[in-house]
Amino acid sequence: MDKVKGIADKTFNKTSFLVPLVAIILGLLCGAIAMLAGGFDPILAYQSLLKKLFGSPYDMGEAIRAITPLLFTGTAVAFAFRTGLFNIGVEGQFMMGMTGATVIGITLDLPWYLHAPLAIIVGALCGGLWAALTGYLKAVRGVNEVISSIMLNWVALYLSNYIIRAFFVAKGQQKSDPIQESALVSIGWLSDAMDHARMHWGTVIALLGIGVFYIILWRTKQGYELRAVGQSPDAALYAGINVNRTIVKSMFISGLFAGLAGVFETLGVFGYQTMLAAPWGYGFDGIAVALLGGNTPIGVLLGAILFGGLSYGSAGMSFGAGVPPELVRIVIGSIIFFIASHGIVKFFIKPFLGRRADKRKEAI
Amino acid sequence: MNALEILGQLINVTLVFSTALIFTGLGGLFSERSGVINIGLEGLMVSGAFAAAVITDYAIQAGYEESAPWIGLVGASIFGVLFALLHAVSTITFKADQTIVGVVINILAAGIAIYLTKSLYEGSGQTTTLTHVFNKWEIPYLSDIPFFGEAFFKAYPTTYVVILLVIISYIVLYKTHFGLRLRAVGEYPSSADTVGISVTKYRYIGVLLSGALAGLGGATITLTTTSNFAHNTISGQGFIAIAAVIFGKWNPLGVAGAAIFFGFAQAIRNFAQLFEWSQQIPTEFFYMLPYVLTLVVLVGAVGRSAAPGSLGEPYDPAKR
Numbered sequence: 001m002d003k004v005k006g007i008a009d010k011t012f013n014k015t016s017f018l019v020p021l022v023a024i025i026l027g028l029l030c031g032a033i034a035m036l037a038g039g040f041d042p043i044l045a046y047q048s049l050l051k052k053l054f055g056s057p058y059d060m061g062e063a064i065r066a067i068t069p070l071l072f073t074g075t076a077v078a079f080a081f082r083t084g085l086f087n088i089g090v091e092g093q094f095m096m097g098m099t100g101a102t103v104i105g106i107t108l109d110l111p112w113y114l115h116a117p118l119a120i121i122v123g124a125l126c127g128g129l130w131a132a133l134t135g136y137l138k139a140v141r142g143v144n145e146v147i148s149s150i151m152l153n154w155v156a157l158y159l160s161n162y163i164i165r166a167f168f169v170a171k172g173q174q175k176s177d178p179i180q181e182s183a184l185v186s187i188g189w190l191s192d193a194m195d196h197a198r199m200h201w202g203t204v205i206a207l208l209g210i211g212v213f214y215i216i217l218w219r220t221k222q223g224y225e226l227r228a229v230g231q232s233p234d235a236a237l238y239a240g241i242n243v244n245r246t247i248v249k250s251m252f253i254s255g256l257f258a259g260l261a262g263v264f265e266t267l268g269v270f271g272y273q274t275m276l277a278a279p280w281g282y283g284f285d286g287i288a289v290a291l292l293g294g295n296t297p298i299g300v301l302l303g304a305i306l307f308g309g310l311s312y313g314s315a316g317m318s319f320g321a322g323v324p325p326e327l328v329r330i331v332i333g334s335i336i337f338f339i340a341s342h343g344i345v346k347f348f349i350k351p352f353l354g355r356r357a358d359k360r361k362e363a364i
Numbered sequence: 365m366n367a368l369e370i371l372g373q374l375i376n377v378t379l380v381f382s383t384a385l386i387f388t389g390l391g392g393l394f395s396e397r398s399g400v401i402n403i404g405l406e407g408l409m410v411s412g413a414f415a416a417a418v419i420t421d422y423a424i425q426a427g428y429e430e431s432a433p434w435i436g437l438v439g440a441s442i443f444g445v446l447f448a449l450l451h452a453v454s455t456i457t458f459k460a461d462q463t464i465v466g467v468v469i470n471i472l473a474a475g476i477a478i479y480l481t482k483s484l485y486e487g488s489g490q491t492t493t494l495t496h497v498f499n500k501w502e503i504p505y506l507s508d509i510p511f512f513g514e515a516f517f518k519a520y521p522t523t524y525v526v527i528l529l530v531i532i533s534y535i536v537l538y539k540t541h542f543g544l545r546l547r548a549v550g551e552y553p554s555s556a557d558t559v560g561i562s563v564t565k566y567r568y569i570g571v572l573l574s575g576a577l578a579g580l581g582g583a584t585i586t587l588t589t590t591s592n593f594a595h596n597t598i599s600g601q602g603f604i605a606i607a608a609v610i611f612g613k614w615n616p617l618g619v620a621g622a623a624i625f626f627g628f629a630q631a632i633r634n635f636a637q638l639f640e641w642s643q644q645i646p647t648e649f650f651y652m653l654p655y656v657l658t659l660v661v662l663v664g665a666v667g668r669s670a671a672p673g674s675l676g677e678p679y680d681p682a683k684r
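Chains as they are written, first to last, in the numbering used here: chain X, 1 to 364; chain G, 365 to 684.
I should point out that these hints are in silico values taken from the structure, not numbers from a laboratory. Don't take each hint at face value.
[What the hints assert, rightly or not] Going by beta-carbon spacing under 8 Å, a handful of chain X positions derived as facing chain G:
{"no.": "1", "residue": "L36"}
{"no.": "2", "residue": "G38"}
{"no.": "3", "residue": "W154"}
{"no.": "4", "residue": "Y158"}
{"no.": "5", "residue": "K175"}
Computed from a predicted structure; not experimentally measured. From the three backbone atoms N, C-alpha and C, an ideal C-beta is built for every residue, glycine too.
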């Protein structure tokens with residue numbers, strides 16, 4: 001009995017469970033305050049947000065479409081975090097994955113059972129290698145991964161734009177030629193069933209990816225080494241683990257997830273690639289997802305649903321209540337702020353927790 | 365145009381781009397010297413650029429055309445301080461992870477700035493173009509010198525301010541009690557605490573100074589380069605400023621030198637269309653240049669030992 005209770009206490013540890021919850025509530029409150037300050041009606045705005053999310057099969061399908069890349073990027077960031085690395089370069093790895101898939105998707109002429117998998121694999125590898133570069137610079141040259149990966153984000157953006165503009169641009173447009181049908185991974189019957197929402201196999205693979213994230217880290221020897229380096233590089237080194245190789249490996253795997261996010265945006269959602277003036281933002285949202293989810297597989301799933309839903313629903317806010325959709329960025333930012341500075345949240349909820357703990361002591 | 369004239373203009377434009385980087389780099393320097401990593405410089409610059417655009421606009425409407433940019437500049441540094449206060453409270457008082465809070469500052473500042481822009485300017489994603497921004501000051505007589513006049517003595521007032529600030533920062537850091545204490549707090553907080561220096565107080569000062577200076581950096585871009593604020597006004601300059609802090613070995617003069625180097629990489633872009641041979645190079649590569657150079661410099665020139673000793677670690681007196 002005691003053992004079971006111990007496990008339950010660990011999983012549903014009051015503070016670890018309450019902090020994200022309180023942070024979400026405080027974040028939504030911050031959003032409401034910002035709306036009041038801007039002269040908008042927060043209740044109407046949040047209602048419009050929910051209406052946009054659940055209003056029609058099309059919207060629900062599109063919300064899933066918006067959640068999918070966050071599942072990938074959230075997993076990518078969480079994976080790196082577990083090994084002690086802050087992969088802020090998911091954005092660039094996303095771009096490289098997208099570009100890799102686009103190049104294969106347009107240039108090659110293969111049957112569908114070869115074409116789509118090849119495009120997916122090449123895209124994922126592009127993301128993985130881009131991330132491994134950051135890992136290599138950190139391991140060998142001691143360059144802080146945060147700075148190098150931010151620089152690589154911009155390089156990836158302009159490199160992708162260059163590749164599209166120089167080789168694949170559709171005449172007179174800011175985007176590439178369409179991807180060949182054989183490389184597309186949309187699910188036709190499901191899209192038809194959901195009023196032509198853009199449903200694709202990436203969602204399924206993203207969910208599998210979260211499972212892989214769990215299995216690699218907690219069920220393999222490699223994962224044990226990765227986590228050991230994350231906990232304490234010095235102790236891991238002393239235990240005979242090659243820390244430098246582990247850093248590169250961890251970044252590579254993290255980059256694979258990030259690359260896949262971009263792959264499915266091209267192959268599943270758009271069917272072409274646009275030249276961008278600024279990054280998409282899925283990478284930065286991935287950081288938010290990972291932090292909200294405490295870098296756990298289930299947490300990433302829930303975090304992606306929350307942030308993906310908020311982002312997709314923000315269009316409804318501007319339509320229904322006139323609120324600029326950027327308000328959702330404030331809400332998301334505030335939520336991570338309160339999670340990162342959980343000291344502040346605990347400060348808020350301490351009086352309640354303390355009283356309960358006292359009561360329990362009295363009962364014993 | 366002959367080669368010397370082009371070179372003179374290149375230096376002139378380099379100084380324009382460098383000014384913002386030096387302001388922000390000095391901000392990062394004070395924060396990191398006190399032991400707090402500030403990845404949020406980018407967000408602090410965004411808040412400064414936004415505040416400068418809006419406050420200058422309102423000052424112009426209120427009839428203070430001539431002094432409007434200066435009012436905007438002051439307002440921008442106040443705005444920067446407000447965001448930095450958020451950073452300071454959570455990382456110093458509540459011991460939150462400095463890197464994560466920095467990222468949060470970036471997300472929040474960008475979100476709030478665009479949200480307020482759209483709220484204040486009827487849904488438009490950018491502020492109105494300012495009719496009065498800084499004009500270049502031509503130093504009498506000196507600006508008439510061939511080459512040197514064009515290169516160094518026809519600059520925006522902010523450039524002269526920042527050069528003064530570099531010198532002041534150097535003196536403050538290395539020649540005053542305040543500077544010694546700030547560096548001590550960043551290097552060995554427990555020793556500093558033992559001799560009665562308040563680690564918390566000096567770290568707050570370091571972080572808030574970084575907010576004020578990065579705010580000025582962002583404002584510089586609005587008031588000398590773009591004349592308005594939009595979502596892409598600040599695109600990575602804050603991060604380049606962090607790289608300048610590292611490349612400059614946490615020394616004001618070094619930071620200024622590194623910032624000028626990165627400013628040069630940005631300025632080169634404007635001259636790409638001048639020559640036959642440089643027109644052959646795709647524009648994307650010129651856009652990449654500052655970021656690639658930053659990487660190359662970090663790979664080639666960084667020693668791990670130069671960083672302040674306690675950088676990134678919250679100070680916990682209980683562990684002394």
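These are the hints, each one checked on the structure:
no., hint, verdict
1, L36, "11 Å, violated"
2, G38, "4 Å, holds"
3, W154, "4 Å, holds"
4, Y158, "4 Å, holds"
5, K175, "16 Å, violated"
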